[in-house]
Structure formats: structure tokens, C-alpha cells
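Please dock the two separately framed chains into a single complex, following the hints provided.
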Amino acid sequence: MKAEAMTYGRRAVFGAFVLAAFLLAGAASISSAAGLLIADGGLGGVLEIQQHEVNVTINNGVAVTEVTQVFRNTESRQVEALYTFPVPKDASVANFSMWINGKEMVGEVVEKQRARQIYDSYKAKRIDPGLLEQTDYKTFEMRIFPVNAGAEQKVQICYYQELDFDHDWGTYVYPLATVSAGGADSRTAGKFALTVHAKSEVPIVAMDSPSHRKDFVFARHADAYWQAGLETAGGDLNRDVVLAYRLSRPRTGIDLIASRHGAEDGYFCLTLTAGKELEGLNSSMDYAFILDISGSMADAGKLALSRETVGAFIQALQEEDRFEIITFNVAAKALFDQLRPADERNKAQASDFLGSQQARGGTVLRPALEAAYRYASPDRTLNVVILSDGMTEQGERAALIQQIRSRPANVRVFCVGVGNEVNRPLLEQLAEDSGGLAAFLSRGDDFQRQAAAFRRKLTRPVLTDLQIEFEGPQVYDREPAELPNLYHGTPLRLYGRYRQPGPVKVKLRGLIRGARFDNTVELTFPAADRNNGEIGRMWAWHKVHRLLKGADRTGSRAEVIPAVVTLGEAYSIATEHTSFIVLENDAQYKRWKIERRNALRLQRDRSSQQELQAQLESMRSRASARLGPQRAAPQNLGPVLAAGDRPGQPQPQPEPADRQVGRPRGRDLRLPGFGGGAVGPIGAAALGLWAAAEWLRRRKGRKCGE
Amino acid sequence: MAPPAKGQKVRRIAAKLHAPGWSRPVGRALGRWGASGIGLAAVLVAATIVQACPAAQSVLEFDRGGIAAGQWWRLASCNLVHFGWLNFAANAGAFAALCWVARCRRLNVMPLVLPSAVLVGAAVYLWADGITTYRGLSGVSYALLAMLVLHAAMRAGKPAAAAWVGFLALAAARSAFEAATGRSLLPTSLPAGAGLAPVSHLAGLATGAAAALACRILARAAGIKAIRASGECVRSGGAGVGR
Numbered sequence: 001m002k003a004e005a006m007t008y009g010r011r012a013v014f015g016a017f018v019l020a021a022f023l024l025a026g027a028a029s030i031s032s033a034a035g036l037l038i039a040d041g042g043l044g045g046v047l048e049i050q051q052h053e054v055n056v057t058i059n060n061g062v063a064v065t066e067v068t069q070v071f072r073n074t075e076s077r078q079v080e081a082l083y084t085f086p087v088p089k090d091a092s093v094a095n096f097s098m099w100i101n102g103k104e105m106v107g108e109v110v111e112k113q114r115a116r117q118i119y120d121s122y123k124a125k126r127i128d129p130g131l132l133e134q135t136d137y138k139t140f141e142m143r144i145f146p147v148n149a150g151a152e153q154k155v156q157i158c159y160y161q162e163l164d165f166d167h168d169w170g171t172y173v174y175p176l177a178t179v180s181a182g183g184a185d186s187r188t189a190g191k192f193a194l195t196v197h198a199k200s201e202v203p204i205v206a207m208d209s210p211s212h213r214k215d216f217v218f219a220r221h222a223d224a225y226w227q228a229g230l231e232t233a234g235g236d237l238n239r240d241v242v243l244a245y246r247l248s249r250p251r252t253g254i255d256l257i258a259s260r261h262g263a264e265d266g267y268f269c270l271t272l273t274a275g276k277e278l279e280g281l282n283s284s285m286d287y288a289f290i291l292d293i294s295g296s297m298a299d300a301g302k303l304a305l306s307r308e309t310v311g312a313f314i315q316a317l318q319e320e321d322r323f324e325i326i327t328f329n330v331a332a333k334a335l336f337d338q339l340r341p342a343d344e345r346n347k348a349q350a351s352d353f354l355g356s357q358q359a360r361g362g363t364v365l366r367p368a369l370e371a372a373y374r375y376a377s378p379d380r381t382l383n384v385v386i387l388s389d390g391m392t393e394q395g396e397r398a399a400l401i402q403q404i405r406s407r408p409a410n411v412r413v414f415c416v417g418v419g420n421e422v423n424r425p426l427l428e429q430l431a432e433d434s435g436g437l438a439a440f441l442s443r444g445d446d447f448q449r450q451a452a453a454f455r456r457k458l459t460r461p462v463l464t465d466l467q468i469e470f471e472g473p474q475v476y477d478r479e480p481a482e483l484p485n486l487y488h489g490t491p492l493r494l495y496g497r498y499r500q501p502g503p504v505k506v507k508l509r510g511l512i513r514g515a516r517f518d519n520t521v522e523l524t525f526p527a528a529d530r531n532n533g534e535i536g537r538m539w540a541w542h543k544v545h546r547l548l549k550g551a552d553r554t555g556s557r558a559e560v561i562p563a564v565v566t567l568g569e570a571y572s573i574a575t576e577h578t579s580f581i582v583l584e585n586d587a588q589y590k591r592w593k594i595e596r597r598n599a600l601r602l603q604r605d606r607s608s609q610q611e612l613q614a615q616l617e618s619m620r621s622r623a624s625a626r627l628g629p630q631r632a633a634p635q636n637l638g639p640v641l642a643a644g645d646r647p648g649q650p651q652p653q654p655e656p657a658d659r660q661v662g663r664p665r666g667r668d669l670r671l672p673g674f675g676g677g678a679v680g681p682i683g684a685a686a687l688g689l690w691a692a693a694e695w696l697r698r699r700k701g702r703k704c705g706e
Numbered sequence: 707m708a709p710p711a712k713g714q715k716v717r718r719i720a721a722k723l724h725a726p727g728w729s730r731p732v733g734r735a736l737g738r739w740g741a742s743g744i745g746l747a748a749v750l751v752a753a754t755i756v757q758a759c760p761a762a763q764s765v766l767e768f769d770r771g772g773i774a775a776g777q778w779w780r781l782a783s784c785n786l787v788h789f790g791w792l793n794f795a796a797n798a799g800a801f802a803a804l805c806w807v808a809r810c811r812r813l814n815v816m817p818l819v820l821p822s823a824v825l826v827g828a829a830v831y832l833w834a835d836g837i838t839t840y841r842g843l844s845g846v847s848y849a850l851l852a853m854l855v856l857h858a859a860m861r862a863g864k865p866a867a868a869a870w871v872g873f874l875a876l877a878a879a880r881s882a883f884e885a886a887t888g889r890s891l892l893p894t895s896l897p898a899g900a901g902l903a904p905v906s907h908l909a910g911l912a913t914g915a916a917a918a919l920a921c922r923i924l925a926r927a928a929g930i931k932a933i934r935a936s937g938e939c940v941r942s943g944g945a946g947v948g949r
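Chains as they are written, first to last, in the numbering used here: chain A, 1 to 706; chain B, 707 to 949.
Extracted from the complex, chain B is given alone in its bound form (with noise of 0.2 Å):
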């Protein structure tokens, strides 16, 4: 049997990634919530598992000494462990919703939540020395953020396209700003003593945007003019096809 073609292939994964199509068989068994969704759920029981179990939290919170001696999976699992109820709450509410405006929007953001997670842990490692200790899930719903309104912007008319990438524009500024000030603008979940860490926001903004920026590039490579507000995708010069 002959290698598909580079358009079939480039098309293939465009359409796994637009819509949660790829999943149906294994969500009819799982039930309407698909493997995203369950996928998605998992992540949550597994956050509050571990803000339940102190003993967990000290394995997986991102750790740079631990880290730096080999213990890579902290840079993804830190995001599963919060500094306290408040912070986890807050957190995990912002992170579900997000997860059901992406199954409202019938886009999946599943893909996207484990490379957000360990890039997000990276950019801690990386660029923010003075943090020995990182835990929060919101650098993954930054992710999410950023995907799910460059997915509206992209659907949506001129001037709603504008306001929503304005929005995004204005939530990375003000993540810059407490960057360079190292202050908070806005009031956080975090207790007192533990400082914000908006480089994990950067970073989630930075990698939620190009997913969806590499999700329209791939759209565009198979042919993919649109996508309908039902999932379905309107291919240049023909009916819509998959959803």
C-alpha cells in the first residue's frame, strides 16, 4: 500500500485537531463527554487528589534542585499542585470553565493540555531564577485563554475578531507588566509569602496562541476555508466536510 500523500496527511491531522471527531468512537463507549472530555475531568480529579494528599504535592511540585537533579516530571506536574484550597479553587473553576466553553465551541483542547503544562514548567525553569518552588494550573488555562479566543477571533466578524484579540493582547500586557514590576494589578489566590509567577502565564498565553496560529496554518494546508459554529468545516470551493 502506497504512503498517503503530504496534502492527506497535513489534512488528517488538521481534521483530528479542529474537531473532537477523532474521538467519537472511544467517547461513544465512554459515554457524551468523549476522551477529551474525560481527559480533561481527569486532570481536575487529579489536582484535587493531590491538593488532598500533602505527601503528593512535595513529589510533584516543580522543585528546581529536584528538577535539576533529573526529576523532569515535575516540569509538568507542578501544575497539578496548588498553594492551598483558595488558589486550587480558583484555579480549577478558571480551568473547567475554559474546558467547557472549548466543548461548547467543539474544539478540543485535550492535545494541548500536557505540552502547555511542561512548556509552562520550562519557562519557570528557564527564566524565572528566583522561584525554587512553582505550583498552579493556571499557566495551562493561559493556554486554554489564548486558544480559545484566537478560535473565536478566527470564526468571528472584523471588528468581534479585533475585541477578541485585543482582550488577548490585553491579557498578555498585563502579564508583561507584573513580569517586569514583579507586582500583582489584579487581587490573587495565592497565599501570602508565595509571590505570582506571571512568566507561567506568558508562557501559557505564548503556547495557547500558537497552537491555535499552527491548528488555522494546518486548517489552511488541507483545504480547510472555515468552520462552521457546528463544527463543520467548509472547504474552499466545496460543502462542509467532517465536523
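Only chain A is shown next, with the shape it has when bound in the complex (with noise of 0.2 Å):
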């Protein structure tokens, strides 16, 4: 039932997608202790994890982690422990328990301010409380008080997040690495259990980890559910786990993900993903490289990291593409003052310029990028590709989000974060402005394949301009309500209410190499669906992120605070402005008049966990049952691992399709087919060839004539 992953054949598309995954979550994994429980205050410390077991399901793209650990105070004192936990990338705190006098105590969501107040006041009665609160874009800290002498305190955190998708690689990390906290031990003194469920309505074809290959073991149920599993005894938790799956649709097409629960209105998560069939949409293009060569690129060898990561998207470069570098300190510089061809030649001397590059100044990225507009033309694309680790003058990011927005028609900005330390939410917000992608560098990549897995990324944004709308009244709430570009290998997804179940059309309209298409496809939103409890929150995870980005872009977070605070409250998620409170007993609560919605939440996600577990062990036990010397005759079983079949080595024959897990609720999409009549370059010479000799006889024949 094992299923080792990875042939060589498909060595070169996985080291893309290994690499995305480092990328993308290279900055919110390294920069931080992971999941350590300090002593603080006094003389500090670390106490002793005694057990660390993550379990991961991940349900179409959608991971649910629930972590639990067990800690034991190793100073011969009472303390409070400050819990420091740094989540991936776009992920929802959701829930936050403790156990208190061998009880679990679920958190509630309440107004930061609010619960820290409610904190402080029992701090002081040296009685249990545990706060949880978000202390940036992805740190979470847990405090925990008293903590006795020699005590153990198991806490369990439950996080939401949707993972990375790159060329058909869905990622998921768990951050570990440890680097920042002095003296922090990582090693877990007992065990560490890590297991993954992953399902998806897009058949999974191959599993794999590139942190922890050998320690892995992974199971394919079905085609639409697979199983790994990790487990140590006294490890060293000093590496990020990385998981990746890879799913195949060969068409293009929107899946359909649902939820809803009795007679609520029901949540939707729909998912559009390019297929292979537009692959051979590809054409050459032109790259401006817009180099930060500021003083702060000095540091941990950011320069030397962009440098090597330029030169390497610019190997990567076609003939027929044209290229520029831009380098910018307190000023621009141009290293051919045209856009030039990707020949040998070019590339050589944008290798020597790039050698040439020191780190010094100050950063103003304006007038580069001014610069770097002047190379659009109106018959090509171009790509504007920044690489900076995003610490402009402060004064200048306000005007660098209006010139994102001013920039010239075919122009898009791609933003590489170099290094890890960097201003990612204004790298993000320059590159989704302009409908390009933002990608994050971090030591130890290979930049020779990521530089080529972005390019694949950059010449292929296959749908444009998108535009979506259902049929009649029935969906509302839409996140995001403007649908950004797709590009090939990273799908879209849009999340959404529904008020009635039953059928709907769903127009799709955009723009592929500028032609449009308009596609009506009609999806069933189900009565009653317990599965995918995990979108409610999604939805309402991406509605909050949406309102605190729009507030900051126009100064006005103060008017969307009650409503991100109304929405943490009401989807239990912990926010800049919201926080998880654990109160001693239910006495407590009432109390401080917090509604026990989490709690209630929690109760019906963890009924939904078991009846989804219930299914997947009756898939584990059929696909189980097949083998064994019973069956009259064995199965060659397995092929499907389209990466790391091992000749030999059996593996269980798919689930049928009807009893998978879940109900394919995914279409196909008819988009449009380029058809040209073309006279070739050989039809042209020839037909001229004739037309000169038709000249030639008749000033022959006028000759004669004559």
C-alpha cells in the first residue's frame, strides 16, 4: 500500500514546484521559532516538548491544520509561557485550546484589546487563562499562565490555510525551522507524528516531500485520496516539513466545492484551473529587470542572491524574447538603454553588468520603474520583473502603488522578494495591482529551475479579464469579487455564499492573447453537504483580508476594524484586531458575556472531521482488502503514480469514480480554439517566384510585340 513517489522523468517539473514551495513559504518559516513554548520573563528558557503530533487534512486545496503538543516546564519555578507560532503564509488561526485540570477548554474570539484586558485581569489572580493573539502578518503568540515547576501543559491549534499551487504541485508546509530563538531547543524529547489526508475532486496523481523523503510513507486510496504519515522519537524539528501533491486536469474547467449545513445558506469554493490544452499558448515577450542594488540588499547576501536569480531568468530567456536591466540605488541605470534580444551575445554582457553590482544607497524604486515603463510597446507584452526586498522610503510607497496603477496597457509587475526579510505585503500589493505575481527568494534555491518555472508562469497568464457571474439571485458574497488573471498551473479560486440548492449557470467571460471567450456552464450547489466545513471559514478569512488590504490602501482601516471584528467573532478567526481567549470554565464565559460560538463551531468541524474520517477508512480499509493472498489472481496493481513508479512494486488499482470521496462536481470548459489560414514563408517565395516569371513573359511578350 506504499506509494514511493518520483520518477526521474519527472525530476525537472517537481524541482519547479519544490522550489515554489521553499519560496513561498521561505519567509514565514525561517525567520521565526516555530511552535516553542518560552518561559517568559525571569531568566527565560525554553520548556521541553514532550509531544508534538500534527494532524493534516487537506481537503481540495484547503489544509486544516490541528497541531497538538504537550510541554513540561523544566525550571524549578512557576511561569508564564509565551507560545510563539508562526503559521504559513495565508493561513486562519481557527481555533485554540488548552487543557485545563484535564479538561479541554476551547477558546472563544473576542476583540483584541478586550481579551487582553480579560487576560491581564485574571494574570493577576495567578488563575488559568491562555490568550492567543496574532502579533504580525504571520506570527501568533500563545500566552499561557501559571505554568508550575515540572507541570505539562497540552495546547492544540487548529489553522486554516489554502495551499500553493505551481504547475499542478499543491504544497503544503508545516513551518519547524528554528533559527531565531537563542538557546531554544528544537528536538522534540518525545514523539513526533505528523499525518497528511489529503483529497481533492481533481485526481491526485503523486505525493512526495522534499524535506523528508526517506522519512515519509505515503499511501494512494484512491485517485482521489492519499495518505502520508511521519513519525519520529526524540527528532530534531529543525526543518520545515514540505508535503506536495501533484494533480492532473487535463482540461480546463471550474470545480465545485460546497458546504452547507441544514437550512443556512450554504458556502462554495470554486476552483478554475488551465489545462494542458492551452500549454502551446506561448509567445515571445520582453523583460525589463528591475535590479535593487540599495544598501539594505547588503545584507545576508540579498545582492548576491538577485544577481544570481537575473541571470538566471535571463538564461532562461528564448531568441525571440528581448531583455533589459534596470538597477536602482538613489537612481536608475540602464545597461542597454533598449530592449535587446536573448541572444548569447546580450546575455553575456548582462552577465558581466550584473557581476559588476555592489550593494550602496538609498532605495527609490520610482524612477526605475518610470524608466522601465518607457519599453512598452503596444504589440507586446512586457514584463516588468522587480527585484528588491521591497524596504523603500517609507514616503515613497504610497506614490509606487500609484504608479503600479498608472502603468501603461500591455505592461506587467512582477515582484521577487529577495532574501528573507522582506516587505511582503508591498511586494504583493505592487504585483496584484497590475495583475502580475509575487514570488519570494530565499537562500538555498535553485534559481537555474525557479527562474524557469517563473518564466513559464510569466509567459502564460492563459486567461485574462476574467469575469464571472451566476444566473439569478442565488450567490452573493463573492471573495474575491474581481477575479484576477489566471496563469498556467496555479489555479483560481473564488469564494462565495449560496442561498438555495440546486442548479446554476455560470457564465465565464475573459480574454485569451486577446481574443474572448464566454463559456455557460451549469453547477449543482448541493442541499446538504458536511465535508468541506473548512471554506465558511475560508470565506470569511479572505473577506477579512480583503477589507483590511483595501482599508490600508486608502488609510481608512479605522472604518473596517467592527466589521473584521464582527466577522472573527462570527467565523472564530484570529485577526490583527481579534484574539482567542481560554477561560477557565464555562462560568467564566458567561461571566465576560462571550458567546460560546467557537466552541459550538468547533463541535460540528469535529462531528464533519470523523464523518469525513469514517469515509476515508472505508476507503482504507477496501483498498486494504484487495490485497492479501485471498485474490485468486494478483493484480498488477498501481500505475498511477505518473512521478515514482517502482517496476514491481504493488500499489491498489483506483477507486471507481463513483464511490471516491465526494461528488465530482467539476466542468470542463469550452475555450477558444486559434484557427488561421497561413501561407507559409515556402507558399509565399514560390507564388512570388511565379508572379515574377508571369512578369517576365509578359515584358517579353510586349518585347516581341514590339
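Misleading hints may appear alongside valid ones.
[To be verified] Pair by pair, the computed Cβ-Cβ distance ranges are:
(1) A:Arg397 - B:Ala752: 28 to 36 Å
(2) B:Ala866 - A:Ala409: 49 to 57 Å
(3) A:Ser377 - B:Ala774: 47 to 55 Å
[Said to hold, decoys possible] If you want a taste of the chain B side facing chain A, the calculated C-beta under 10 Å gives, among others:
(4) Ala802
(5) Ala879
(6) Phe883
(7) Pro893
(8) Gly901
(9) Gly910
It should be emphasised that the hints constitute simulated quantities derived from the structure, not laboratory data. These numbers come from a predicted model, not from an experiment. Ideal Cβ placement from N, Cα and C applies to all residues, glycine included.
Here you go:
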């Protein structure tokens, strides 16, 4: 039942995805201590990790991670424990529980200041409160008080996240890397176990762990359901656990998953994926690489990283592409002063130019961006690729955003954040506003492969100007309200709510290579679906995220805080304005007039999870039943592993589609076929010769006539 | 005044199709190229303007949804739109060369342009389901090619006529093969992402061949035995008449 992943034939593609995984997770995972309980105050110190269990359910690209940790206070004093927990990018903390007197107390989300006041009031009385707060966009802190000398403390955190997809590989990262907590012991004294259940409407064809390949066991129970497990005792937890799986959707289409309990309005998630038939839509492009050579790029080898990255990008360009390099610190400087073809000579010249750059001076990006815009031409797409740590001067940021918005037509801006300390929100915003993408590079990435993978995205914004409409008033509160471009290998997700179950016509419009397409597909919203409870939370999280981002752009955050708090409390989401508080018992919650919404929600979610687990267990059992000597003729099982087939390795047969988890609700899209009448160069030349011959014949005839 | 006899009417039509004489009065006014030449040049100018104006392309290209919604002009106008300058240059160059050959052979091909453009668009609409966006002048060029080749074959001796017809058959076979296999036998001027639409070439060839044969039938009906290289019509049992 074990399915080992990866053949050499797939390594190249896999490499790209692995790097993307590190890229996208890098900033979140390396810069802070992960899941460590530190005695706060006094002499400090780290509480020993007795047990560390992680249970992950990935349901159609949304991962629900439940982390249970048991710590022991090795200090000979009562301490207030500070638990710093970095969660991956775009993760939403959905539950915080702690065990008080052997009983699990589920936290509730309340407005941040109020949560802090409640916590402080208990702390003064030396009774058990717990508080989980978001400290920055990627780190949560949990305070527990008191933890007695020699006592154990069990905590559980649950967070939701959408997985990053690159080239059909979905990557899950469990952040463990611990580099910044001085003296922190990242070893677990007891057991560390990580179990992943991955189910998907789009078939999963391969699974692998680039970080812990030897430690993981993979099992494929059906096309729609894979399982992976890792268990160690006394292991060192100083490396992120990276797990990836590959989906295969042969044709461009929409997949629907939904969640509906009782008579409540339902939630849905539409995933739009570019299929293989669009891979040929490739064309030559122009590139303007903007390289930050300011003083801040001297730190931690950022400039060297940037140089290597730009160099690798340029090497990956094709001859029909054209490029230019612009460097900037306080002033901008261009290499060619024009776009030049990416031939060997120009590539070599670019390499020399990059090698001569040194990091110094301040950071003023605007003139460089302005210069890059001048390279735009109406008939070719110009990709402006900014490599920077985003540490621009404070006063420049608003102007930069404005400059991105007023870019010429046919210009897309891509941002590559370099190093582990980057201004991620700014770079993401710059890229998003221009219909581009942002990626983040950290040390150790393979730049050649990364450049090739990123270039694939640059050249393939397969669908642009996307608009989606649902027939009738059935659907509301869509997130995002406007769809971004669809890139090859990176699916788009649209969340929303629906009032009534039943069929709905979905009209999708957009452009492919400038040509319009208009597709209508019929999807069915289910009357009841309890298997996808995470969709509701992800919908709310996206709404919170959009509100905050929109407010930051307009400088009106105060206006959205009430809405953010309402959503946070209603959907139990810890945000910058809401925190989880755990009190000793139900009476204490009543005392503070805190509704037990999260407790109820958790109960429902756990019940759904149990149902799901029962289904998955049944699938596992069916797959197991096929093994063993009772069968008359052993089947040659297995070969669905696109990557990693091992000759002679028995593997289970794919589950029949009608017995897989979840009923597929996907629809293929009928996209424009581009057809051209074309006379080739040979034909044109032949006709030219015929015309010339006729002209000569005619001339000769005239002369004869004369 | 009595209506013209049936034979006279046919002869008049045949003469118009065969000789550019009908356009002479206009031609004199417009210069040595004649109305036909001006018309063909206008097609090329229009294609150039369309190529330089992306906004016009979206209005004129073959858009299956648009045609279904009643935008019938796209069936013909799609022939003026191209996928980039390279595609335009190859198609427009071929069209110009064929027009020149037609002029040298004193064959008025202008009346063929619009019908073949419409028929090419219609053929793509009816028989190329997978194509939602079509562009290119080559279908019309194939129509001109077929007409010119058959015209040349009709005027040549047997061996040469067989060679001309063989050449045309080869072109048709190539397009049929491309239509059947979905791949191009020779390099095309299409950019990546746009597939060849051989059905348009087949439609063009069929239209051109049909036009050439129609001319021949009409000419025979009009009693025109042969047309000399000078464009002079030789009537059965009589001297040359008209040009």
C-alpha cells in the first residue's frame, strides 16, 4: 500500500514546484521559532516539548492543520509561558484549546483589546487564562499562565490555509525551522507525528516530501484520496516539513466544492484550473528586470541572490524574447538603453553587468519603474520584474502603488522578494495591482529551475480580464469580487455563499491572447454537504483579508475594524484585531458575556471531520481488502503514479469514480480554438516566383510585340 | 424594347467574367490598374489598416459566438485580420502575388474575392467546430490560386494542363491531409498557440475551382472556344471577339 513517489522523468517539473514551495514558505518559516513555548520573564528558557502531533487534512487544496503539543516546564519556578507560533502565509488560526485540570477548554474569539484586558485581569489573580494573539502578518503568540514548576501543559492549535499551487503541484509546509530563538531547543523529547490526509476532486497523481522523503510513508487509497505519515521519536525539529502532491486536470475547467448545514445559506469554492490544452499558448515577450542595488541589499547576501536570480532568468529566456536590466539605488541605471534580443552575446553582456553591481545608497524605486514603462510597446507584452527586498523609503510607497496603477497597457509587474526579511505585503500589493505575481526567494533555492518555473508563469497568463457571473440572485458575497488573471499551473479560487441548493448557470468571460471567450456551464449547489466545513472559514478569512488590504490602501483601517471584529468573532478567526482567549470554565465565559460560538463551531467541525474520517477509513479498508493472498489472481497494481512508479511495487487499483470521496462537480470549459489561414514562407516564396515569371513573360511578350 | 435572348445574356456574363473589358471605362478614369486592380489593392490596404489597428481586429475577426449572435459580417471580414505581422506579411504577400499573376493573365479575379471570403468563413463556421477565432487571408488566396491554376490549365496544352491540375490536386491533398491529421506539413506563419485551419484552404480551393469551371461552362455556352494569351476570345467558327 505504500506508494513511493517520483521518477527521474518528473524530477524537472517537481524541482520547480519544490523550489516554489520553499519560495512561498520561505519567509514565513525561517525567520522565527516555530511552535516553541518559552518561559517569558525572569531568566527565560524553553519548556521541553514532550509530544508534538500534527494532523493535517487537505481537502481540495485547503489544509486544516491541527497541532497538539505537550510541554513540560523544566524551570524550578512558576512561569508565564509564551508560545510563539509562526503559521504559513495566508493561514487562518481557527482554534486554540488548552487543557486545564485535564479538561479541554476551547478558546473564543473576542476583540483584541478586550481579550488582553480579560487575560490581564486573570493573570493578576494567578488563575488559568490563555491568550492567542496575532503579532504580525505571519506570527501568532500564545500566553499561558501559570505553568507550575515541573508541570506539563497541553495545547492545541488549529489553522486553515490554502495551499500554494505551482505547475499542478500543491505544496503543504509545516513550519518547524528554528533559527532565531537563541538557545531554544528544537528537539522533541517524545514523539513527533505528522499525518496528512489529502483528498481532491481533481485526481491526485503523485505525492512526495522534498524535505523528509526518507521519513514519510505514502499511501494511495484512491485517485481522490492519498495519505502520508511521518513519525519520529526524539527527533530534531529544525527543518520545515514540506509535502507536495500533484494534480492532473487535462482540460481547463471549473471544480466546485460546497458546504451547507441544515437550512443555513451554503458556502462554495470554485476552482478554475488551466488545462494542458492551453500550454501551447506561448509567445515571445519583453522583459525589464529592475534590480535593487541599495545598501539594504548588502545584508545576508541579498544582492548576490538577486544577481544569481536575474542571471538565471535571463539564461532561461528564448532568443525571440527581448530584455533590459535596470539597476537602482538613489538613481536608476540601464544596461542597454533599449530592449535587446536574448541572444548569447547580450546574455553574456548582462552577466558581466550584473557581476559589477555593488550594494550601496538608499532605495528609490520609482525612477527605475518609470524608466521601465518606457520600454512598453503596443504589440508586445512587457513584463517588469522587480527584484528587491521591498524596503523602499516610507514616503515612496503610496506613490509607488499609484505608479503601478497608472502603468501603460500591456505591462505587467512581477515582484520577487529577495531574502528572508522582505516587505512582503508591499511587493504582493504591487504585483496584484498590475495583474502580475509575487514570489519570494530565500537562500538555498535553485535559481535556474526557479527562473524556468517563474518564466512559465510569466509567459502564460492564460486567461485575462476574467469575469464570472451566476444566473439569478442565488449567489452573493463573492470573494474575491474581481477575479485576477489565471496563470498556468496556478489555479484560481472563488469563494461565495449561496441561498438555495440546485443548479445554477455560471457564465465565465475573459480573454485568451486578446480573443474573447464566453462560456456557460451548469453547476449544482448541494442541499447538504458536511464534508467541507473549512470553506466557510476560508470565505470569511478572505473577506477579512480583503477588507484590511483595501483599508490599508486607502488609509482608512479604522472604518473596517468593526466589520473585521464581527467576522472574526462569528467565524472564530484570529486577526490583527481579534484574539483567542481561553478561560477556565464555562462560567467564566458567561461572566464576560462571551458567546461559545467557537465551541459550537468546533463541535460541528469535529463531527464533520469524524464523518469524513469514517469515509476515508472505509476507503482505506477497501483498498486494504484487495491485498493479501485471498485473491485468486494478484493484480498488477498501481501505475497511476505519474511520478515514482517502481517496477514490481504493488499498488492499489484506482477507486471507481462513483465511490470516491465527494461527488465530482467539475466542468470542463470550452475555450477558444485559434485557427488561422496561413500561407507559409515556402508558399509565399513560390507564389512570388510565379508572379516574377509572369512579369518576365509579359515583358518578353511586349518586346516581341514591339 | 424586347428582353435580350438567353444566349446573349449568357455571353454577356461570360465576357464580363473572362475579360476585364467591363471595367475599362472605370479603369480609364482610375488609371492603368482599372477598377479590378483598385479593388484588389483596397483589400490589401484594408488588411494592413486592420493589422495596425488592434481595436478593429476584435470587431472583424471570426468569432463563433458573435456570428451566432447575428454578426454575419465576421464571416467575410475575418479574412482581413491576422495573427501578427508575420502572418499578415506571408498572407498579404501571397495574395498580392496571385493578383499580379491574374493581372498578367488578364483574368479578372475581383468578383471572386468577396464570395470566396464569405464561403471560407462559412466553411470554418460549419466544419471547424473547434475553432472559435479565425483569422487570415489565405483562404481567399487559395481560391485565387485554384482559379488561376485551372485557368492556366485550360489555356495550356495537354501535358502542361495535366501538370497544372496535378499541382492543384497536390495542394488539395496537402490541405486534406492537414485537416485529417491536424498538423501542418510545411512551416506556417502562424504564431504558437494558433492552429492551422486547413478547412479554410480547402474551401478556398473548392470556391476557386468552381469559379473557374463556371467560367469555362459559361464561356462554352457563349460560344467562346478559347482565350488567347492576349485575352482575346476565340469563338467557335469565327475570329476573335473582345478581350
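Taking the hints in turn, this is what the structure says about them:
1. Evaluation of the 28 to 36 Å hint for Arg397 (chain A) and Ala752 (chain B) yields a failure: the beta carbon distance comes to about 49 Å.
2. At roughly 55 Å, the beta-carbon separation of Ala866 (chain B) and Ala409 (chain A) lies within the given 49 to 57 Å, and the hint holds.
3. For the pair Ser377 (chain A) and Ala774 (chain B), the beta carbons lie near 35 Å from each other, so the given range of 47 to 55 Å is not met.
4. The beta carbon of Ala802 (chain B) comes within 8 Å of a beta carbon in chain A, closer than 10 Å, and the hint placing it at the interface holds.
5. A cut of 10 Å between beta carbons decides the hint on Ala879 (chain B): the least distance to chain A is about 15 Å, and the hint is violated.
6. For Phe883 (chain B), the interface hint is violated, since its Cβ never comes within 10 Å of a Cβ in chain A; the closest pair sits about 15 Å apart.
7. Restraint check, Pro893 (chain B) versus chain A: the minimum CB separation of about 5 Å is within 10 Å; hint holds.
8. Taking 10 Å as the C-beta contact cut-off toward chain A, the hint placing Gly901 (chain B) at the interface holds, the least distance being around 5 Å.
9. Because the beta carbon of Gly910 (chain B) sits about 8 Å from the nearest beta carbon in chain A, less than 10 Å, this interface hint is met.
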